[in-house]
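There are 2 protein chains.
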Amino acid sequence: MAERNQQLQSPPEDCKVAEKIAEMSVVDKVPSEMANGGVEDNSDVVTPWNVESNSETGIDYDKLIQRFGCSKIDDELLNRFEKITGHKPHHFLRRGIFFSHRDMHTILNMYEQGKPFYLYTGRGPSSESMHLGHLIPFMFCKWLQDVFDVPLVIQLSDDEKAIWKNLKIEDAIKLSYENAKDIIACGFKVEKTFIFSNLEHIGNNAAYYQNMIRIQKCVTFNQVKGIFGFGDSDPIAKISFPPTQAAPALSSTFPFIFKNWKVPCLIPCAIDQDPYFRMTRDVAPRLNHPKPALIHSSFFPALQGSKTKMSASDTNTAIFLTDTAKQIKNKINKHAFSEVVQLWKNIDNLGEIGYTSGEILTGELKKELIEILQKLVADHQERKNKITTEVIKQYMLPRDLGFVVKSK
Amino acid sequence: MAERNQQLQSPPEDCKVAEKIAEMSVVDKVPSEMANGGVEDNSDVVTPWNVESNSETGIDYDKLIQRFGCSKIDDELLNRFEKITGHKPHHFLRRGIFFSHRDMHTILNMYEQGKPFYLYTGRGPSSESMHLGHLIPFMFCKWLQDVFDVPLVIQLSDDEKAIWKNLKIEDAIKLSYENAKDIIACGFKVEKTFIFSNLEHIGNNAAYYQNMIRIQKCVTFNQVKGIFGFGDSDPIAKISFPPTQAAPALSSTFPFIFKNWKVPCLIPCAIDQDPYFRMTRDVAPRLNHPKPALIHSSFFPALQGSKTKMSASDTNTAIFLTDTAKQIKNKINKHAFSEVVQLWKNIDNLGEIGYTSGEILTGELKKELIEILQKLVADHQERKNKITTEVIKQYMLPRDLGFVVKSK
Numbered sequence: 063m064a065e066r067n068q069q070l071q072s073p074p075e076d077c078k079v080a081e082k083i084a085e086m087s088v089v090d091k092v093p094s095e096m097a098n099g100g101v102e103d104n105s106d107v108v109t110p111w112n113v114e115s116n117s118e119t120g121i122d123y124d125k126l127i128q129r130f131g132c133s134k135i136d137d138e139l140l141n142r143f144e145k146i147t148g149h150k151p152h153h154f155l156r157r158g159i160f161f162s163h164r165d166m167h168t169i170l171n172m173y174e175q176g177k178p179f180y181l182y183t184g185r186g187p188s189s190e191s192m193h194l195g196h197l198i199p200f201m202f203c204k205w206l207q208d209v210f211d212v213p214l215v216i217q218l219s220d221d222e223k224a225i226w227k228n229l230k231i232e233d234a235i236k237l238s239y240e241n242a243k244d245i246i247a248c249g250f251k252v253e254k255t256f257i258f259s260n261l262e263h264i265g266n267n268a269a270y271y272q273n274m275i276r277i278q279k280c281v282t283f284n285q286v287k288g289i290f291g292f293g294d295s296d297p298i299a300k301i302s303f304p305p306t307q308a309a310p311a312l313s314s315t316f317p318f319i320f321k322n323w324k325v326p327c328l329i330p331c332a333i334d335q336d337p338y339f340r341m342t343r344d345v346a347p348r349l350n351h352p353k354p355a356l357i358h359s360s361f362f363p364a365l366q367g368s369k370t371k372m373s374a375s376d377t378n379t380a381i382f383l384t385d386t387a388k389q390i391k392n393k394i395n396k397h398a399f400s401e402v403v404q405l406w407k408n409i410d411n412l413g414e415i416g417y418t419s420g421e422i423l424t425g426e427l428k429k430e431l432i433e434i435l436q437k438l439v440a441d442h443q444e445r446k447n448k449i450t451t452e453v454i455k456q457y458m459l460p461r462d463l464g465f466v467v468k469s470k
Numbered sequence: 063m064a065e066r067n068q069q070l071q072s073p074p075e076d077c078k079v080a081e082k083i084a085e086m087s088v089v090d091k092v093p094s095e096m097a098n099g100g101v102e103d104n105s106d107v108v109t110p111w112n113v114e115s116n117s118e119t120g121i122d123y124d125k126l127i128q129r130f131g132c133s134k135i136d137d138e139l140l141n142r143f144e145k146i147t148g149h150k151p152h153h154f155l156r157r158g159i160f161f162s163h164r165d166m167h168t169i170l171n172m173y174e175q176g177k178p179f180y181l182y183t184g185r186g187p188s189s190e191s192m193h194l195g196h197l198i199p200f201m202f203c204k205w206l207q208d209v210f211d212v213p214l215v216i217q218l219s220d221d222e223k224a225i226w227k228n229l230k231i232e233d234a235i236k237l238s239y240e241n242a243k244d245i246i247a248c249g250f251k252v253e254k255t256f257i258f259s260n261l262e263h264i265g266n267n268a269a270y271y272q273n274m275i276r277i278q279k280c281v282t283f284n285q286v287k288g289i290f291g292f293g294d295s296d297p298i299a300k301i302s303f304p305p306t307q308a309a310p311a312l313s314s315t316f317p318f319i320f321k322n323w324k325v326p327c328l329i330p331c332a333i334d335q336d337p338y339f340r341m342t343r344d345v346a347p348r349l350n351h352p353k354p355a356l357i358h359s360s361f362f363p364a365l366q367g368s369k370t371k372m373s374a375s376d377t378n379t380a381i382f383l384t385d386t387a388k389q390i391k392n393k394i395n396k397h398a399f400s401e402v403v404q405l406w407k408n409i410d411n412l413g414e415i416g417y418t419s420g421e422i423l424t425g426e427l428k429k430e431l432i433e434i435l436q437k438l439v440a441d442h443q444e445r446k447n448k449i450t451t452e453v454i455k456q457y458m459l460p461r462d463l464g465f466v467v468k469s470k
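Order-wise, the sequence lines are chains D and H. 162 is the number that the numbering used here gives to position 100 of the first sequence; each next residue is one higher, with no gaps. 203 is the number that the numbering used here gives to position 141 of the second sequence; each next residue is one higher, with no gaps.
Don't read these hints as lab results, they were simulated from the structure. Careful, some of the hints might be misleading.
[To be verified] Here are the in silico distance ranges between beta carbons for each label pair:
#1 Gln128(H) with Pro460(D): 47 to 57 Å
#2 Glu232(H) with Glu118(D): 47 to 57 Å
#3 Gly249(H) with Glu253(D): 49 to 59 Å
#4 Ser133(D) with Trp111(H): 42 to 52 Å
#5 Asp462(D) with Glu144(H): 58 to 68 Å
[As the list claims (entries may be wrong)] Here are the simulated DSSO-like pairs of lysine-lysine, each with C-alpha atoms no more than 30 Å apart in a straight line:
#6 Lys254(D) with Lys145(D)
#7 Lys324(H) with Lys236(D)
#8 Lys321(H) with Lys230(D)
#9 Lys321(H) with Lys227(D)
#10 Lys227(D) with Lys230(H)
#11 Lys437(D) with Lys455(D)
#12 Lys230(H) with Lys324(D)
#13 Lys230(D) with Lys446(D)
#14 Lys236(D) with Lys321(H)
The beta carbon of each residue, even a glycine, is placed where N, CA and C say it ideally should be.
Using the sequences and the hints, build the whole thing.
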């Protein structure tokens, strides 16, 4: 696996010779063990479309870090974070929910030197109601935005969902707007946040399509086959998509925000999205842009066990943001202690849980968790209900976010 | 070859099952002889990127009609054309410059019944100065627009040129504007003509990107491999492109012109563009649109001989629209009689040339042709020089062209 990353992050090559190099089969050959979307025999399956562990103990994140060639978030990084930002690291960081990164030290250096950067995250809106797992990157992003006070762009990849889930274009756009409400309810600063639907925005931003073409020119079919496991029978919609997710990591995709400054980017996302950004990190320098930095979360485990992640397609695996107090109570009471403890660990910011590993979660503790979750979901619903069409439009309007690069 | 067309034009399939079908390897398998862009051993090479004949007598167009599965333009069609439109067929039709078609009878039926349709043609702007060969489809289109009095959309596929010729995005857009001038100089009615640069317009028209995704969902990599000869080492920019050229054949790509009417389309183009539209004709019914009709021109032969077409990349093969009177004179005098007669046949609308096949073109006749060409090019240059930036903007502004579907 190190081989792939070596290839993908090989010294910048001029895009103009990419074709020639491709012909020479130097860059675009991918070792055969990569041909199935980065899956090795007996390893966990982690692709943007499938997360599955073959082990009872769930995904082996340390192994994943090795396979993907990223870096573990360690105490040194957390200490540096606190020292430089003056903020105690978020409990998602302290508890290892966000566990891995690429170039976070570079971002901290920039913050330390007063240099600008921005945040980019996203969501593929596959269902009307989001679940708690979907909130994790957004809750964390909101906190990062508060700490760093930087612009944030949020991609709703409704085109991806129209392709993979075979949704009608119109229905996919509707889901984007529905999901935008849940995202806005996390409390992002409207004056620093731009949320966009691919299906609407790409046709409203010539720089975006132009960057898609620039990126598409730098990546061969062999490469996306190796990175994402695409095959010859796949619709070309799938093959064409990765640059669409890559483009927002280049600041020139949003000239109305970043003018013609080349601004570095930090991407908080779940680790299954890393393949997109390994590709992006390979391409960005060839297009005279900095490589985006990344900070990866683990998956929110399903209530059925930690072998899979919470899924929006299976209503029983997750606590949904539309669940009633009663539904939450039933789901928690019904499920095994280890998953419920995982859930607790993920959402709780209140210190000790009063639980020792291996111990059965007492009825008392379950009750406490139920109350926490009921309040969290009810509060979210209350905030969401206040979000009008007018407010959504404000976030989704391409506009100047007051971003300036100060000359030193 | 008949096999491919059979496959491509098989009964409409629901796009929703395209993936499943692809998995079943029913639709997306292409016979191995198709794998090189439709090239058979010992046959002429005719792809959108390469035209080359292995025969001294040039491209065998009758064979091409058979291979591509289109229909020859015969006297019956020409007579019907004259009867229905009241116009004598253009000399490009009478002299076989436009020699082949798909569904022209359907278009004539529609015209006869007063039903609406539109014209779509295009150009990949690969050089600043166009040559006479480039003008053929536009001169013909202008005539068709006058005869039928219908809207015309003209695609400048600068994205394609940025990909295949490795141009910078900015430079490709500049070429679009330069070529738009030459096109406008052909005399299109501004009130019925929309000219667009892909690199600018796709980012200014959400319906366009949405149709690209719809089309991309219907076509597998195996299919574009078979149709266009793409390989695994090709950049995904190439693989993604065919739907971009297909989309304007669906009226829903231009809601500002066609509202939500499903309007049939007639595409005049050189025969090397047929692969794009075989694909389009396969996909259109699956997206509830009519199959576009086509009318194909032969290639404008190079001055060096009819084995290749005029090329913008080799200044000696063609009469350029920027050539001086002296350059034209030298080129005609320098080259062999047969190619010069071809040229004459293509541009002349004045009746008999006074030439018998096999005869050496006399100095007198060459002189006459030189005068005709000098006048044609000088007139074009004069019209082109009058075209201001303001005029170009008028043609290239997405706008209502006053198109309405009258209810019967």
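Here is what the structure says about each hint:
| no. | hint | verdict |
| --- | --- | --- |
| 1 | Gln128(H) with Pro460(D): 47 to 57 Å | 51 Å, holds |
| 2 | Glu232(H) with Glu118(D): 47 to 57 Å | 56 Å, holds |
| 3 | Gly249(H) with Glu253(D): 49 to 59 Å | 51 Å, holds |
| 4 | Ser133(D) with Trp111(H): 42 to 52 Å | 44 Å, holds |
| 5 | Asp462(D) with Glu144(H): 58 to 68 Å | 59 Å, holds |
| 6 | Lys254(D) with Lys145(D) | 25 Å, holds |
| 7 | Lys324(H) with Lys236(D) | 23 Å, holds |
| 8 | Lys321(H) with Lys230(D) | 19 Å, holds |
| 9 | Lys321(H) with Lys227(D) | 28 Å, holds |
| 10 | Lys227(D) with Lys230(H) | 35 Å, violated |
| 11 | Lys437(D) with Lys455(D) | 28 Å, holds |
| 12 | Lys230(H) with Lys324(D) | 18 Å, holds |
| 13 | Lys230(D) with Lys446(D) | 25 Å, holds |
| 14 | Lys236(D) with Lys321(H) | 21 Å, holds |
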